[in-house]
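Participant: Single-letter residue listing:
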Amino acid sequence: MNAFKTLLLWVGTGFTTEIYMISTKIQGIAWSIADIVLVFILLKIVDLVRQSSGKKRIFYRYLLLLVSAVLTPSLLFTQTARQIFILESIICGMQFAILVYTVIAERKDLLHFVKELAIAKGNE
Amino acid sequence: MRKDNYLLLYRWALWNFFCTIWVVLEGAIMIYVLRLYKNIREASKQTNAPRANGKRRIPVVRWDFGIPLLAGLLFSFYFFYQYNLFAMALGDGSLDGWGIYRVSVFYIRICGLFWILFEWVVAIIGIRTYGLFKSIKGAM
Numbered sequence: 001m002n003a004f005k006t007l008l009l010w011v012g013t014g015f016t017t018e019i020y021m022i023s024t025k026i027q028g029i030a031w032s033i034a035d036i037v038l039v040f041i042l043l044k045i046v047d048l049v050r051q052s053s054g055k056k057r058i059f060y061r062y063l064l065l066l067v068s069a070v071l072t073p074s075l076l077f078t079q080t081a082r083q084i085f086i087l088e089s090i091i092c093g094m095q096f097a098i099l100v101y102t103v104i105a106e107r108k109d110l111l112h113f114v115k116e117l118a119i120a121k122g123n124e
Numbered sequence: 001m002r003k004d005n006y007l008l009l010y011r012w013a014l015w016n017f018f019c020t021i022w023v024v025l026e027g028a029i030m031i032y033v034l035r036l037y038k039n040i041r042e043a044s045k046q047t048n049a050p051r052a053n054g055k056r057r058i059p060v061v062r063w064d065f066g067i068p069l070l071a072g073l074l075f076s077f078y079f080f081y082q083y084n085l086f087a088m089a090l091g092d093g094s095l096d097g098w099g100i101y102r103v104s105v106f107y108i109r110i111c112g113l114f115w116i117l118f119e120w121v122v123a124i125i126g127i128r129t130y131g132l133f134k135s136i137k138g139a140m
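Those protein sequence lines, which keep their order, are chains V and L.
Following the numbering used here, the numbering of the first sequence begins with 1 at its first residue and continues without gaps.
Following the numbering used here, the numbering of the second sequence begins with 1 at its first residue and continues without gaps.
Extracted from the complex, chain L is given alone in its bound form (with noise of 0.2 Å):
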């Protein structure tokens, strides 16, 4: 295989490395935007009590693992899907330098869909939290 293969391989894993990390964190962020919104619905004394159908007005999620669940998932796909490109380039040879460079660009375009999925959840949740904010302060 050719030296700058190597090279091509590391920088990229490196790069789709940092990726990650920045979904992670978007992620993160995502998961703080919700338990805040969580907290000021709680804080504004709407009242949990099951309607009468059973089911609750807010939905009753634990959060408290949700970032490393998070960190954990998107981390091990990172390495699943490295170990496939290292075994497919250094392994069997199925894929040279273009290939190598196609797969590792694929990667962040599957970390962009995460990043848009975040960002318009924090979207959607604002406009509930403002919409809140904004019935709270009329009944006032």
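With the rest of the complex left out, here is chain V (with noise of 0.2 Å):
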């Protein structure tokens, strides 16, 4: 039996039932953190083109993102997958509707803004 082999006879009788609960919920928790800092920064992105447009600053997506900053710490308390695999969809859910939202309504700002910018180095 290979190395990968052995290895893989130590997951299929080790891998118990807690320890893939705590590494779930780790990783679940890592995963909502990387995409609440990544939404974050694309509205703060959004909103310094929205600043150059002179349209007002977002509110009501800054508040779904700390909806989901609010329960994601939740997942900690989960007691089964079920529970784990709802709470995350619900967190990842609202993250990715800010997201796909954000991209589609303010694709058409973001593309000028960056263009403004290549003409404005260009000019220099």
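To be clear, the hints were calculated from the coordinates, so they are not data collected in a lab.
Just so it is clear, the structure is predicted and the values come from calculations on it, not from any experiment.
Pairs of lysine-lysine, BS3-like flavour, derived with a Cα cap of 30 Å:
#	chain 1	residue 1	chain 2	residue 2
1	V	Lys44	V	Lys108
2	L	Lys134	V	Lys115
3	L	Lys134	V	Lys108
4	L	Lys137	V	Lys56
5	V	Lys55	L	Lys134
6	L	Lys137	V	Lys115
7	V	Lys115	L	Lys38
8	V	Lys108	L	Lys38
Join the two chains into one complex using the hints; note that each chain is given alone, in its own frame.
Facilitator: In structure tokens:
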């Protein structure tokens, strides 16, 4: 039996439900935090763009992101894989909804902003 | 070997294949975001002339083969993993139903590590992009 098969055999006998739950919670939290940072920075970039075009700042999307951030630590208190799945779906669902809506709604302004920056830099 | 273990193997192999596709997708997004950041930096006319110590400010990296390489590596790992799992379950019978389940679920945890890595790279590039936009806008 090669080394990889030995590893799989160890996993097959030693990767218990408890270890699975702990590793899933840790990964879920690490993934959610990365998503929160990613979406937050995207909203900050969009705010910069909106400021340039005289539009008002975003509010409700930040609020929805805050709700997802508040829910993220609750992953630690889940008892079953199903609870983790449902909670993670809600958290990620909110974050991806913000992401998709922002990319679609702000794409023209964002593109225009980048073009303006490139032109301004070219004129220097 | 029990018939329901065949079904178990098939179902988990299929699920893990979809997880692998998802990892490749996230990796492709990460590579596109890196390319976009590189283009924005170049568009901002930041000089890429070598510094006095000979090192460049912006790493000159070719990303053209990034996505095929990433997909190749990830799918190769998937097939290697599944081959060994099938060999152990069907061949020498060293894994029973519970063993198949645990090994299959462990693969998803490995995928999770890649998901997290790619998400954090995109988040960090996002922070750098924001800083770049802000500094360029401030200088205008």
